[in-house]
Amino acid sequence: MDLNLKEIKPYGDTLGDGAVQLSFTLPLKCGAHSTEAARRLVLSMGFSEAEVVNNVDIGEGFTFFVVYGKGCRSIDVTTIEVAQVKTSVWSRAECNTKAPEMFDRKLIVVGACIGEDAHTVGIDAIMNMKGFNGHYGLERYSGFESHNLGAQVTPENLLEKAIALKADAVLVSQVVTQRDIHMKNLTQFVEMVEASGKRNEMLLIAGGPRIDNALALELGYDAGFGRGSYAEDVASYILQELYRRKTSALA
Amino acid sequence: MTTSLGLDPKKIADLRKTADSITEKVRPLIKSNTTLTVERAVLRLMGLDGTDADGVPLPNVVVNHLRSILGGGIAIPVARGMLHHNLGINELAEKVSAGEISLLENTSVSRTRAEEFLTELVDEQLETIENNRKTREKMISDLGEGPKPWQYVIVATGNIYEDAIQAKAAAEKGADIIAVIRTTGQSLLDYIPYGITTEGFGGTYATQANFRHMRKALDEVSVKQGRYIRLVNYASGLCMPEIVVMGAFERLDMMLNDSMYGILFRDINPVRTFVDQYFSRMINAFSGMIINTGEDNYLTTADAIESAHTVLASDLINESFAKAAGLKPAQMGLGHAFEINPDTEDGFLMELAQALMLREIFPEAPLKYMPPTKFMSGDIFKGFIMNAMFNLAGVWSNQGIQLLGMLTEAMHTPFLHDRFLALENSRYIMNGARHIGDAVSINPDGIIAKRAHHVVDETVKFLHEVEFDGLLKSIAQGRFADISRTMDGGKGLAGVIEKNDDYSNPFALAMARKTGIGEEVTKWI
Ligand code: B12
Numbered sequence: 000m001d002l003n004l005k006e007i008k009p010y011g012d013t014l015g016d017g018a019v020q021l022s023f024t025l026p027l028k029c030g031a032h033s034t035e036a037a038r039r040l041v042l043s044m045g046f047s048e049a050e051v052v053n054n055v056d057i058g059e060g061f062t063f064f065v066v067y068g069k070g071c072r073s074i075d076v077t078t079i080e081v082a083q084v085k086t087s088v089w090s091r092a093e094c095n096t097k098a099p100e101m102f103d104r105k106l107i108v109v110g111a112c113i114g115e116d117a118h119t120v121g122i123d124a125i126m127n128m129k130g131f132n133g134h135y136g137l138e139r140y141s142g143f144e145s146h147n148l149g150a151q152v153t154p155e156n157l158l159e160k161a162i163a164l165k166a167d168a169v170l171v172s173q174v175v176t177q178r179d180i181h182m183k184n185l186t187q188f189v190e191m192v193e194a195s196g197k198r199n200e201m202l203l204i205a206g207g208p209r210i211d212n213a214l215a216l217e218l219g220y221d222a223g224f225g226r227g228s229y230a231e232d233v234a235s236y237i238l239q240e241l242y243r244r245k246t247s248a249l250a
Numbered sequence: 000m001t002t003s004l005g006l007d008p009k010k011i012a013d014l015r016k017t018a019d020s021i022t023e024k025v026r027p028l029i030k031s032n033t034t035l036t037v038e039r040a041v042l043r044l045m046g047l048d049g050t051d052a053d054g055v056p057l058p059n060v061v062v063n064h065l066r067s068i069l070g071g072g073i074a075i076p077v078a079r080g081m082l083h084h085n086l087g088i089n090e091l092a093e094k095v096s097a098g099e100i101s102l103l104e105n106t107s108v109s110r111t112r113a114e115e116f117l118t119e120l121v122d123e124q125l126e127t128i129e130n131n132r133k134t135r136e137k138m139i140s141d142l143g144e145g146p147k148p149w150q151y152v153i154v155a156t157g158n159i160y161e162d163a164i165q166a167k168a169a170a171e172k173g174a175d176i177i178a179v180i181r182t183t184g185q186s187l188l189d190y191i192p193y194g195i196t197t198e199g200f201g202g203t204y205a206t207q208a209n210f211r212h213m214r215k216a217l218d219e220v221s222v223k224q225g226r227y228i229r230l231v232n233y234a235s236g237l238c239m240p241e242i243v244v245m246g247a248f249e250r251l252d253m254m255l256n257d258s259m260y261g262i263l264f265r266d267i268n269p270v271r272t273f274v275d276q277y278f279s280r281m282i283n284a285f286s287g288m289i290i291n292t293g294e295d296n297y298l299t300t301a302d303a304i305e306s307a308h309t310v311l312a313s314d315l316i317n318e319s320f321a322k323a324a325g326l327k328p329a330q331m332g333l334g335h336a337f338e339i340n341p342d343t344e345d346g347f348l349m350e351l352a353q354a355l356m357l358r359e360i361f362p363e364a365p366l367k368y369m370p371p372t373k374f375m376s377g378d379i380f381k382g383f384i385m386n387a388m389f390n391l392a393g394v395w396s397n398q399g400i401q402l403l404g405m406l407t408e409a410m411h412t413p414f415l416h417d418r419f420l421a422l423e424n425s426r427y428i429m430n431g432a433r434h435i436g437d438a439v440s441i442n443p444d445g446i447i448a449k450r451a452h453h454v455v456d457e458t459v460k461f462l463h464e465v466e467f468d469g470l471l472k473s474i475a476q477g478r479f480a481d482i483s484r485t486m487d488g489g490k491g492l493a494g495v496i497e498k499n500d501d502y503s504n505p506f507a508l509a510m511a512r513k514t515g516i517g518e519e520v521t522k523w524i
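In the order they appear, the protein sequences are chains A and B.
Following numbering that gives the first Met the number 0, the numbering of the first sequence begins with 0 at its first residue and continues without gaps.
Following numbering that gives the first Met the number 0, the numbering of the second sequence begins with 0 at its first residue and continues without gaps.
Bear in mind the hints are in silico, worked out from the structure with no lab data behind them.
Treat the hints with caution; some may be incorrect.
Said to hold, decoys possible - Computed list of lysine-lysine pairs in PhoX-like fashion (alpha-carbon distance at most 20 Å, straight line):
id : chain 1 : residue 1 : chain 2 : residue 2
1  : A       : Lys-129   : B       : Lys-373
2  : B       : Lys-9     : B       : Lys-137
3  : B       : Lys-223   : A       : Lys-28
None of these values were measured; they are calculated from a predicted model.
One chain only, chain B, in its complex shape:
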């Protein structure tokens, strides 16, 4: 039980309706296009992995080879090739790379035959992912998990071996979630690097081998600590769905997977992003991963007081897109942040208001709460207190995922002891104030309640404007994060392909059946 702010349920229901109407207008765009990375993700789901002799990832090799017919989807032509040549997908891809086989030539294999073959393959491959989900569920029920808010810390040394050591140390000292933040610039790569990596800038490459290495380290420490430790990575940029596929195969537990982050913060083309996020989220939904959204970032480029309503608005839009892709509320780590200028009088009260407000509006979602970053400075002592106040707001408002603030945020990616100090800070505050949400009620006429009502009202206005203009135009007008992006601008537009009538993505329907959205999926993909 957390404190009630007495928000009007009818207003909240209307907000959701408006958000659904906004995403509904983007639906035709998503439905009518596929992208290079969606098709590469299909290949990865079919089991393709590895690189050719030149180091080019095989999914890229095959997608490039079939570039001219991608509008029909990649699964059928590849399945035909596998049947015709009687080869596994990796051998087939290697021969395509060597120029020994062309998949563009007609084969004697009928479409029906290819479809039957795919049905079997899809079931087999999805079973692997389902087994991962079951393993996770079993480990959680056997080992247990930390109380919410879960303690989330990042590792970012650039070297996955070093990352694993730091992750284990953090888990020993109370971390529940380890995020391996990606290297600078990975989101702009239109391929996934292959193998273990030890060189990164401000983060570590997301590769399947790195995922596996970290998963293994965390499983070991989970058993040792008697607490399941979750692993997170980031699916934004030009390879969103492929990263999610790798995560599903390697039993990652969470994925940064925002519907607009790439557009706003990496200048990825909006159409590309909207198409990519949908399929990504289907895979997240199916594999039981929790998504994290990136609204916190809005407050680094826009003002946290003035733009608080854009965070709620974006959470509602993210929720609506997520629902359409089959994600359950318990899988929605909707984002927000503690970014009000620390010099503001009653700033903490406003932060608390916003955190309680989101809790009340999204009662089942494991909200993802970001610590102060923008106003963190070289004064690490002040920064440490800011993080303490953030932890108080987090435990008070019963957040799901608490990204612990680092006292050295303004300088560098965390040192080993920065992370330890962050965990100590949070342990002290959260333990000492564990049930404050039950014990203290909010004065309905006070600053906190008023602030929450105000933000909701602003959001009502804002979402109506967005609904009126459409999401794409609103983004172009700079309504989110004070950043303007246009439909035909940004990176990755060349990788958007219009679908034709016999487009087929056999994984979409199969996954949709299991996540409960069923035939609805055909409206989107």
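The following block holds chain A by itself, in its conformation from the complex:
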């Protein structure tokens, strides 16, 4: 296939057809008029063709549309950079063997789901013995001592515990994101850590289904992990990043 990386388009059944399926609701009564509105709306998104294939009344004067657009704009992928976590991922066994070669003590990790967010399964997946989906959590990693404070922990409490336990890394989970509540909570925590003067002493790692590394960096964290991440991702990152810092400090 002859790909022009400077002009990538969605693929339907022919290279470059730019076919996209969309579905959305308009606050308009179902009929010919709103169907035309939906079609024009899709054209205005940058498609050269738009076909409304389904329009249905969904009550209270709203209409749901399914629309196929063709000939959508293209994207130059050669200029895109993604802020991915740069360290490589080691298996749990590798982490267990390498940790004592890199550090002469266990690394201390303190984690919580902060604010009013009561979702513990994510942070438990990373930290608890049992782990998730067949991937054991940090408690099963010999190089780590991990303290999971659970959910609904105030930022104050998390920071207090992190300082008291001399945490090398603090893990913050956020699952509820409505009205950007996760951004507020995450920001509040970073600001508190900075105000405490301990920011340089601990790695700050954010995680949750709507979090990625780029967002975490933007908010002032050292790294971020999203859906599908496991303890080995986090353990590998902590080991390699803290080792890098330790060795570059010596150099």
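Given chain A's structure and the hints, the job is docking chain B with the ligand onto it.
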């Protein structure tokens, strides 16, 4: 008629006996304590509502004021104050808030006089609730209702006006039940916010004004659709009985009201929760509301195959507590869920087995069936099929309350069209397979029957262990939902108050007489 699995009736009867013995051991704890929210609920039942000049809810003002004598119950001192000062309850509370009146001072009003006064007040107030029940019954008999499984959808915009629009749209497209899910964190508030609200995170505040607004919208659409649309809210957390009182006054039809959910999933103190759930459920029983229990949640933190028996065990415990509070089987929306990993071979058969099993064990209860949530992902197309399979299991096993799954479960609270698509999904499946339970019988030696028998046997073992250790210790050991909570841990313990000998809650006995538990109630409250 639904397919029989041939479960042994004697085993089931034994399970119930064990569950009763488990709850019986918690009874003394419930009997000997009251809580801040129980006393605030009594004030609300007496007619107190509104806030003071600082925005503090008046029930909180009065309860805080009488904090030192709550062990005797709040009704008598407040009644004395009303008589002595010749004021209605709201005026009295406002003056207490302003510091103009103290209810701690002795009055000339005798206890007998206060009790007589309360008897009248209680009758009057309970009549309002009873009238709501009659209105509901009349609307249902005039308008009719959808066939079971009832189609249950949630609205959760955070803004009650927006919620009402979405609820009406859903009702027009086939929803039978609308749940307004509460905002993140409301369960940890030790008060009920006041008035209409338009700001919430992942849900909308439960306030009496919001209840009223939604009830009105649903009544309008019920008449328009010629089908009674039920309204649900959530009574868990630190204000369980108060939320139920508001629901009773505003004619809500269902209430999430689990005996252990707050303990496990919100880290509310166990004693607080057990005391609160009892009085809450009495009010539900009296007002004709259907309770929903939260066993489905267990399978989000524990594995759905390994821990299936904990769901049945908890349903039996919830049933036992509910019975003690006067709820009839038709008011028990006992919970369970479709949460087995979709990659499991024959996973659907196991789901069906569990759903049929519960149907057979609780023949009269309108079981509350939760859709897949944990394994819903960004692959909304796969999620849509998972929801279809869930709907098939629901209609097959004749569930009472089917919480429709949303294809976008993993991302956000439902968009308007997510709800519509969920209703279409269910309509198609349930219509197309309406009588499958009659038409197909289960091979007694097949996977489905065996799975059901296995779960029952596991439950027998599990409940005996819980009986042996006691419910509180079992919770501390993490036996439910893989979550451990201790008797002196969690939020709200400071709001538990030991009762003294002349404790009085005049609503309890009056309600108990009407729900049929009568004097039995004095063993519990
Ligand atoms: C289980 C669940 C619950 C359970 C939680 C039980 C518990 N103890 O955790 C219960 C029933 C209690 C619950 C309650 C509520 N929930 Co909920 N819940 C879910 C559900 C179904 C699954 C979440 C889950 O456990 N996923 C599995 C875990 C392993 O995945 P994860 O959290 O993404 O974690 C992974 C990664 O993100 C990452 N990760 C996560 N944290 C961290 C941290 C670090 C440091 C790192 C490195 C990585 C990491 O690693 C994990 C493993 O891969 C989701 C829907 C869904 N399918 O996602 C809704 C969902 C998250 N809930 C939601 C809501 C709104 C609520 C409520 C607010 C509803 C209400 N109004 O009452 C309440 C919350 C109340 C509160 N105070 O928070 C919404 C959130 C919407 C939004 N985007 O804001 C969702 C998406 C459902 C929906 N569509 O409405 N919920």
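Status of the hints after comparison with the structure:
no. : hint                     : result
1   : Lys-129/A with Lys-373/B : 17 Å, holds
2   : Lys-9/B with Lys-137/B   : 39 Å, violated
3   : Lys-223/B with Lys-28/A  : 18 Å, holds
Consistency note: the structure conflicts with earlier hint 2 alone.
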